[in-house]
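Following the hints, put chain S in place on chain B, whose structure we already have.
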Amino acid sequence: MMTTSQGNILIVDDDPKFRRALHSTLHTLGFEIMESWNGEEAIKEVKNRRFDVVLLDINMPGMGGVETCRALRRFSPGLQILILTVRESEDDKIEALDAGADDYITKPFSIPELVARLKAAVRRARTGPPETNKAIVVGNIELDPERRTVRKKQEFLHLTPKQFDLLHYLMAHAGLPITHARLLHAVWGPEYGHELEYLRTYIHQLREKLEDDPASPQYLLTEAWLGYRFSEPE
Amino acid sequence: MGAMKPARPAKVDHEWLRDVWGLSRAARAKLAVLVPYCCSLAAVAICTWLAFHLGLNLASSGFLYLVVVVLVAVHWGFWAATATSIVAVACLNYFFVPPLFTFGVSDPENLVALGAFEFTALVTSRLSHRAQVRAAEAIAERHDSERLYQTSRQILLPDKSREPGSFIASRVREVFELRAVVLFDAVSASTYVSGSSPPDAEQRARAAYFVNSDTFDSDSNTWFCPLRLGVRPVGALALCEGKMTSLMATALASLCAIAMERARSFEKECRIEAARQAEQLRTAVLDALAHEFKTPLSIIWTSSSGLLAAGGMSDTQTELVALVDEQARKLNDLASQLLGAAKLDNTEFKPQREPLLLSDLANAAIRSLERQEWRDRFHLHIPVHETSALADGKLITSALGQIVDNAIKYSIPGSPIDIRVEGSEAETVLTVRNQGLAIAPADRERIFERFYRAPGTQHRPGGIGLGLSIVKRIVDAHHGRVWVESAPDSGTLFSIALPTAANKP
Numbered sequence: 001m002m003t004t005s006q007g008n009i010l011i012v013d014d015d016p017k018f019r020r021a022l023h024s025t026l027h028t029l030g031f032e033i034m035e036s037w038n039g040e041e042a043i044k045e046v047k048n049r050r051f052d053v054v055l056l057d058i059n060m061p062g063m064g065g066v067e068t069c070r071a072l073r074r075f076s077p078g079l080q081i082l083i084l085t086v087r088e089s090e091d092d093k094i095e096a097l098d099a100g101a102d103d104y105i106t107k108p109f110s111i112p113e114l115v116a117r118l119k120a121a122v123r124r125a126r127t128g129p130p131e132t133n134k135a136i137v138v139g140n141i142e143l144d145p146e147r148r149t150v151r152k153k154q155e156f157l158h159l160t161p162k163q164f165d166l167l168h169y170l171m172a173h174a175g176l177p178i179t180h181a182r183l184l185h186a187v188w189g190p191e192y193g194h195e196l197e198y199l200r201t202y203i204h205q206l207r208e209k210l211e212d213d214p215a216s217p218q219y220l221l222t223e224a225w226l227g228y229r230f231s232e233p234e
Numbered sequence: 001m002g003a004m005k006p007a008r009p010a011k012v013d014h015e016w017l018r019d020v021w022g023l024s025r026a027a028r029a030k031l032a033v034l035v036p037y038c039c040s041l042a043a044v045a046i047c048t049w050l051a052f053h054l055g056l057n058l059a060s061s062g063f064l065y066l067v068v069v070v071l072v073a074v075h076w077g078f079w080a081a082t083a084t085s086i087v088a089v090a091c092l093n094y095f096f097v098p099p100l101f102t103f104g105v106s107d108p109e110n111l112v113a114l115g116a117f118e119f120t121a122l123v124t125s126r127l128s129h130r131a132q133v134r135a136a137e138a139i140a141e142r143h144d145s146e147r148l149y150q151t152s153r154q155i156l157l158p159d160k161s162r163e164p165g166s167f168i169a170s171r172v173r174e175v176f177e178l179r180a181v182v183l184f185d186a187v188s189a190s191t192y193v194s195g196s197s198p199p200d201a202e203q204r205a206r207a208a209y210f211v212n213s214d215t216f217d218s219d220s221n222t223w224f225c226p227l228r229l230g231v232r233p234v235g236a237l238a239l240c241e242g243k244m245t246s247l248m249a250t251a252l253a254s255l256c257a258i259a260m261e262r263a264r265s266f267e268k269e270c271r272i273e274a275a276r277q278a279e280q281l282r283t284a285v286l287d288a289l290a291h292e293f294k295t296p297l298s299i300i301w302t303s304s305s306g307l308l309a310a311g312g313m314s315d316t317q318t319e320l321v322a323l324v325d326e327q328a329r330k331l332n333d334l335a336s337q338l339l340g341a342a343k344l345d346n347t348e349f350k351p352q353r354e355p356l357l358l359s360d361l362a363n364a365a366i367r368s369l370e371r372q373e374w375r376d377r378f379h380l381h382i383p384v385h386e387t388s389a390l391a392d393g394k395l396i397t398s399a400l401g402q403i404v405d406n407a408i409k410y411s412i413p414g415s416p417i418d419i420r421v422e423g424s425e426a427e428t429v430l431t432v433r434n435q436g437l438a439i440a441p442a443d444r445e446r447i448f449e450r451f452y453r454a455p456g457t458q459h460r461p462g463g464i465g466l467g468l469s470i471v472k473r474i475v476d477a478h479h480g481r482v483w484v485e486s487a488p489d490s491g492t493l494f495s496i497a498l499p500t501a502a503n504k505p
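Protein chains in written order, with the numbering used here: chain B, 1 to 234; chain S, 1 to 505.
The following block holds chain B by itself, in its conformation from the complex:
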């Protein structure tokens, strides 16, 4: 059953039964798995070994998920952090994403869903951050940072500089949820963070230009009460 490793995963969760279920399943599916039962252990593991992805539970006794996430991010910038949340802890989720987590998945989840996320994360971990000047292509949309042009199905779209910056940031992190605060920081500047109305207006304008049906967007998705995600076509 074992083929070449799909990726090195560290599972961090305080529930041993949950770790066991995940461990066996993911191992069978070709991932290399290590386990930690709390944040402190996880940090030790990450210092000793190289992982592609850390699967991090957000509700843990002791050093919580958000704290762990912040610590991991400090000494391992390329590491992909996928947080495990429950439906009732949206605020923690935003906090963790702002603390440097790359993506999240809500418990309970189906294994195919998790595997898809893990594979995408492993790919990102192995390819590293996208080159800043290289054109980004997602689905029918092509963005050229150097020439500052955007094309949809080869047709040029006219974007204002702010619209372009916003789209650039979202496409550079395609597939990942970006919190409102992070978007505002990145596009408007560090002194911004609460101006949701700006974002809403610009996203609305971008959808008008980018989407086939702006009412049911395919690319610029709203992550309810969290932020936005530039969706990769399935």
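Because the hints were derived from the structure by calculation, they are not lab data. Cβ coordinates follow ideal geometry from the N, Cα and C atoms, glycine included. Among these hints, one or two may not hold up.
Stated by the list, open to error - Derived list of chain S stretches under chain B, where covered just means 3 residues or more per stretch with a C-beta under 8 Å from a C-beta of chain B: (1) 177–184; (2) 300–307; (3) 357–369; (4) 392–399.
Unchecked claim - Sample of chain B residues at the chain S side, in silico, Cβ under 10 Å: (5) Asp15; (6) Ile136; (7) Gly193; (8) Arg200; (9) Asp213; (10) Pro214.
Unchecked claim - Computed list of lysine-lysine pairs in DSS-like fashion (alpha-carbon distance at most 30 Å, straight line): (11) B:Lys209 / S:Lys394; (12) B:Lys119 / S:Lys330; (13) B:Lys17 / S:Lys343.
Coordinates of chain S only, in the frame set by chain B:
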């Protein structure tokens, strides 16, 4: 209490008359009327004897008689004093005015003196009698206020172990020394009787409530007063056989009305508190249960979907594991729903409202659907300039998720489902229209009740009749409205209206 009782001469039963002559009560009462007159005569006789033997002149003896007249007036009233003064004038004339021992008057000066004496005696007795009456009235009034105060103190301190109606009736009867008290409570339509009341008293108390005016029945010596809160009658009071002024009866009725109302609100408060505690307990239990269920369920689901993803099983094995997978997921959804409902029931629950676009939330709700084929059935129509609604993003998305889920469950498979957002200045309305099972008019209100499932849907999969009650609870907490329209040909329309950010209530 005993010390406060003033002597009441009219009530004195002259028992010595019975002891001496064995007279009946009626005869004694008749004889008792004569007692003041006899005593007055005796007093005049003693004065005459004293004055005559001391050899007092006309003026001095006149003053002596005056003293007797005033004392009689103070003690037995004006008529006894008048009679005494006439006898006194006769005695003065007979014993002290020349010619002595005759009723003749030789000197006209003496005639003037006798006339002046009679006049003075009459005026003085009148005045002193009046003062006496006033004093007695004042004492009676003070006594009544004291009793009213005492009653109020007793009946306004609720005694939890006794029913307020009968407690109030018995306290009033005891304090005011009445033969019977009947209290009719119109709110609970019950009558409380203390003491032995006349047979028709209850009936007439009720009548006083309906007529809403005070009446006094002199035959049975009974007051019938309606109990009023403001101007609204809430019951009636009958006060049987006691000394009671109109003012007193009315005051007592007001007091009883207040005491009854107080007892009622006290009881209501207790009930509300008990209900609140029960609700809290229920919420806590539900919350704990759902949490305890969720952890193992999520592990079961992870394992079952893991088994399926790993593959390598026979068809039967795959089918069985798929069944476990599906049911685990369903149980998990139910646990989430229960948990959500418990959270909403919490009295401290308050939505965190902010201006949001309902179309965003609807999109999120659609995207969270499990299957692409379901997601593809939805068509969203939004205005060019959509106004933001004041909404708690999580809660409204979960409410929309429920409606979207229902739209799939109860519609013709594969048929399109339209979501439309329309806004006015005051509110934003989101409607979800699907084709399929029409909802009977009688069910349209009831489907929002907890655990209610419309006839014909009980055997459909997935649902315990909690979803729409949660939706309603969430929308209510937003000061919004939710309703359903349904017709066999035009389909079923669920609408949610939320106040806009400009119309913050």
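Okay, the hints, checked on the actual structure:
1. 177–184: violated (count 0)
2. 300–307: holds (count 6)
3. 357–369: With 8 residues closer than 8 Å to chain B, the segment 357–369 of chain S meets the three-residue bar; holds.
4. 392–399: holds (count 3)
5. Asp15: holds (7 Å)
6. Ile136: At about 23 Å, which exceeds the 10 Å cut-off, the nearest Cβ of chain S leaves the hint on Ile136 of chain B violated.
7. Gly193: Violated, because the Cβ-Cβ distance from Gly193 of chain B to chain S comes to roughly 15 Å (cut-off 10 Å).
8. Arg200: holds (7 Å)
9. Asp213: Because about 8 Å separates Asp213 of chain B from the closest Cβ in chain S, which is inside the 10 Å limit, the hint holds.
10. Pro214: holds (8 Å)
11. B:Lys209 / S:Lys394: Holds. Lys209 of chain B to Lys394 of chain S sits at ~29 Å (cutoff 30 Å).
12. B:Lys119 / S:Lys330: holds (27 Å)
13. B:Lys17 / S:Lys343: OK: Lys17 of chain B and Lys343 of chain S at ~27 Å, within 30 Å.
Violated hints for the displayed structure, listed by number in ascending order: 1, 6 and 7.
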